[in-house]
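Use the sequences and the hints to build the structure in full.
Chain order of the listed sequences is A and B. The first sequence begins at 13 in my numbering and counts up one residue at a time. The second sequence begins at 2 in my numbering and counts up one residue at a time.
One should not assume that every hint holds.
Distance windows between CB atoms, simulated [to be verified]:
| # | chain 1 | residue 1 | chain 2 | residue 2 | range |
| --- | --- | --- | --- | --- | --- |
| 1 | A | E191 | B | E133 | 32 to 40 Å |
| 2 | A | E246 | B | P78 | 49 to 57 Å |
| 3 | B | N45 | A | E88 | 55 to 63 Å |
| 4 | A | N153 | B | L132 | 49 to 57 Å |
| 5 | B | D99 | A | L35 | 49 to 57 Å |
| 6 | A | T147 | B | E54 | 39 to 47 Å |
| 7 | B | G81 | A | E442 | 37 to 45 Å |
| 8 | B | G81 | A | E76 | 44 to 52 Å |
| 9 | B | D99 | A | E88 | 31 to 39 Å |
| 10 | B | D35 | A | G142 | 52 to 60 Å |
Note that these hints are calculated values from the structure, not bench results. For every residue, glycine included, the Cβ atom is placed at its ideal position computed from N, Cα and C.
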Amino acid sequence: MKTVTDVVCPFCGSLCDDIEVVLDKNNIVEVKNACQLGAAKIAGNVDSKRLLKPMIKIDNKFVEVSYDEAVTKAAEILIKAEFPIFYGFGSTEADAHRESIKLAEEVGAIWDHCPSVCHGPSIMAIQEIGLAGCTLGEIRNRSDVIVYLGCNPMEAHPRHMSRYTTFPRGYFRDKGFQERTVVVIDIRQTETAKLANLFLQIEPDGDFEFLSALRAIVRGHEIKADKVAGIPTEKIIELSEIMKNAKHGALFFGLGIASTKGNHRNVDAALSLVRDLNEYTKFYIMPLRGHYNVTGAQAVVTWISGYPFAVSLLKGFPQYNPGEFSLTGVMSRGEADAAVIVASDPVGNSPKKVMEHFAKIPMITLDPYETPTTRLSEVVFPVTKSGVESEGTAYRMDMVPIRLRKVKSGPEGVFTDYVVLNKIWKKYKELKKNKQ
Amino acid sequence: MSEVQSLKIILTSGRTIEQGVSLVGTKITKLAKDATAVCFLDPNDMEKLHLSEDQNIEIQTSEGSIVVRAKLSKDAPHEGIAFIPLGIYANWVTPPGDAGIGVPKYKGIDAIISPTTKKVLEVNDLLNILLEHKDKN
Numbered sequence: 013m014k015t016v017t018d019v020v021c022p023f024c025g026s027l028c029d030d031i032e033v034v035l036d037k038n039n040i041v042e043v044k045n046a047c048q049l050g051a052a053k054i055a056g057n058v059d060s061k062r063l064l065k066p067m068i069k070i071d072n073k074f075v076e077v078s079y080d081e082a083v084t085k086a087a088e089i090l091i092k093a094e095f096p097i098f099y100g101f102g103s104t105e106a107d108a109h110r111e112s113i114k115l116a117e118e119v120g121a122i123w124d125h126c127p128s129v130c131h132g133p134s135i136m137a138i139q140e141i142g143l144a145g146c147t148l149g150e151i152r153n154r155s156d157v158i159v160y161l162g163c164n165p166m167e168a169h170p171r172h173m174s175r176y177t178t179f180p181r182g183y184f185r186d187k188g189f190q191e192r193t194v195v196v197i198d199i200r201q202t203e204t205a206k207l208a209n210l211f212l213q214i215e216p217d218g219d220f221e222f223l224s225a226l227r228a229i230v231r232g233h234e235i236k237a238d239k240v241a242g243i244p245t246e247k248i249i250e251l252s253e254i255m256k257n258a259k260h261g262a263l264f265f266g267l268g269i270a271s272t273k274g275n276h277r278n279v280d281a282a283l284s285l286v287r288d289l290n291e292y293t294k295f296y297i298m299p300l301r302g303h304y305n306v307t308g309a310q311a312v313v314t315w316i317s318g319y320p321f322a323v324s325l326l327k328g329f330p331q332y333n334p335g336e337f338s339l340t341g342v343m344s345r346g347e348a349d350a351a352v353i354v355a356s357d358p359v360g361n362s363p364k365k366v367m368e369h370f371a372k373i374p375m376i377t378l379d380p381y382e383t384p385t386t387r388l389s390e391v392v393f394p395v396t397k398s399g400v401e402s403e404g405t406a407y408r409m410d411m412v413p414i415r416l417r418k419v420k421s422g423p424e425g426v427f428t429d430y431v432v433l434n435k436i437w438k439k440y441k442e443l444k445k446n447k448q
Numbered sequence: 002m003s004e005v006q007s008l009k010i011i012l013t014s015g016r017t018i019e020q021g022v023s024l025v026g027t028k029i030t031k032l033a034k035d036a037t038a039v040c041f042l043d044p045n046d047m048e049k050l051h052l053s054e055d056q057n058i059e060i061q062t063s064e065g066s067i068v069v070r071a072k073l074s075k076d077a078p079h080e081g082i083a084f085i086p087l088g089i090y091a092n093w094v095t096p097p098g099d100a101g102i103g104v105p106k107y108k109g110i111d112a113i114i115s116p117t118t119k120k121v122l123e124v125n126d127l128l129n130i131l132l133e134h135k136d137k138n
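Here it is, written out as structure tokens:
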């Protein structure tokens with residue numbers, strides 16, 4: 013038996029880096045310190061269906077083939093495609109992101125990733141007015157006011173409150189949670205809301221109205237209405253006082269504002285609120301990012317193309333337009349004629365119109381496990397679980413890059429996402445040269 | 002409170018621990034179905050429809066309908082709001098969005114729920130429907 017320490021959890025954007033994994037030879041027998049989500053990701057669920065051999069679909073049935081045969085089939089699909097889309101990347105490491113963009117550029121494709129069904133509106137708002145950001149370490153050590161707006165970290169990022177915001181003792185917060193005030197604004201009294209000092213139950217789609225009223229109160233204006241978006245005005249005044257009197261405040265937000273009516277305008281209002289609060293005190297804002305390396309994919313595509321998501325490389329140079337080039341737009345209009353999916357399950361995670369178009373086009377999918385997306389694919393590559401069976405770099409939700417550790421060996425003969433993408437790139441170049 | 006046949010609600014999707022665990026290699030298994038083919042309702046809404054825990058309900062939106070099990074919400078009160086965990090069942094009735102920014106409408110979806118005797122389909126059944134759709138086109 014041996015214990016691997018300081019393992020980085022490859023589940024959510026919190027990237028907890030204090031995980032310990034107990035191994036018996038190459039088998040994981042225990043995962044210590046992780047939440048339920050992280051433990052399941054690292055150890056695997058009991059009835060998980062792991063993919064071990066590349067497969068191609070012949071007459072609607074999967075046939076196991078060698079990597080070389082699957083790579084050739086994938087390259088042939090991409091040679092024929094006129095409007096391919098590359099998508100996913102939230103749950104793999106940064107070198108795979110880079111390699112996928114290299115391939116997408118060579119092929120001439122749309123390259124998009126998880127924000128286009130998640131924090132895309134947040135990114136658009138941040139591009140417009142900027143973000144007052146800091147690290148999670150700074151919040152842990154300094155923040156005395158924590159606001160969770162339209163998010164439920166207790167179910168989506170279960171250790172966020174215990175590691176970074178609410179319960180830990182910090183350098184300037186020696187008494188831990190006794191020195192911190194937690195505010196939750198949500199449409200339901202979630203598990204997170206039950207832990208709050210102040211919970212404000214907002215009406216669905218009332219975010220922009222509420223944030224505008226809060227901004228007005230923070231700036232010293234009077235609100236004549238008794239209630240705004242279902243919240244009594246005196247409670248909004250109370251929240252304004254809590255925020256203005258903070259020594260160091262942090263506001264986290266989720267899809268509860270980014271995916272509701274107003275989308276990027278709601279986030280714009282939240283970013284502006286924090287900008288306003290910095291007239292009075294130190295206040296910071298951060299989106300709660302879901303997949304562990306969605307922030308990394310955003311960083312990589314931005315330093316390569318200049319744009320954070322929904323990037324078209326169809327014309328040989330990058331273009332950016334979320335409504336036009338995001339997965340949901342491209343697929344619901346039935347435009348794409350092939351897809352490369354890496355470390356994601358867009359069939360399971362997208363609206364039905366998108367699922368229906370995925371079923372019509374040839375898909376090449378890289379995933380450690382069977383998913384709805386692999387089931388609908390033409391070519392499926394098994395890959396290692398990055399952060400467990402292979403190393404790499406991931407970016408935490410506060411943009412801090414952290415090196416993922418290899419804990420154990422992957423299944424024999426199974427490659428990483430990076431290696432498979434590189435093989436497809438080489439074969440594609442070869443076929444393209446022969447065609448010319 | 003009088004019993005009604007169907008109820009207009011606002012459908013909103015999001016994460017749960019059980020749904021998160023089911024993401025790991027079990028998205029086509031019973032674990033995923035148990036975690037995601039459910040809808041959490043306010044006790045008053047359950048009463049209006051005379052629903053009991055785990056009874057099947059049909060959710061109808063502009064995109065179509067899906068059958069899931071009704072569950073009593075632990076996050077109540079939120080009368081008029083139904084919560085469904087992220088996953089293929091929720092997405093079966095999720096609109097692709099009309100804000101012009103290519104983002105699906107995962108929250109605040111207008112929906113009608115009603116008790117049903119129809120069964121909850123397996124994830125496999127839903128995938129087969131998609132594949133049949135492919136063959137027709």
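Mind listing which of the numbered hints don't hold for this structure, in increasing order?
-> 1, 2, 7, 10
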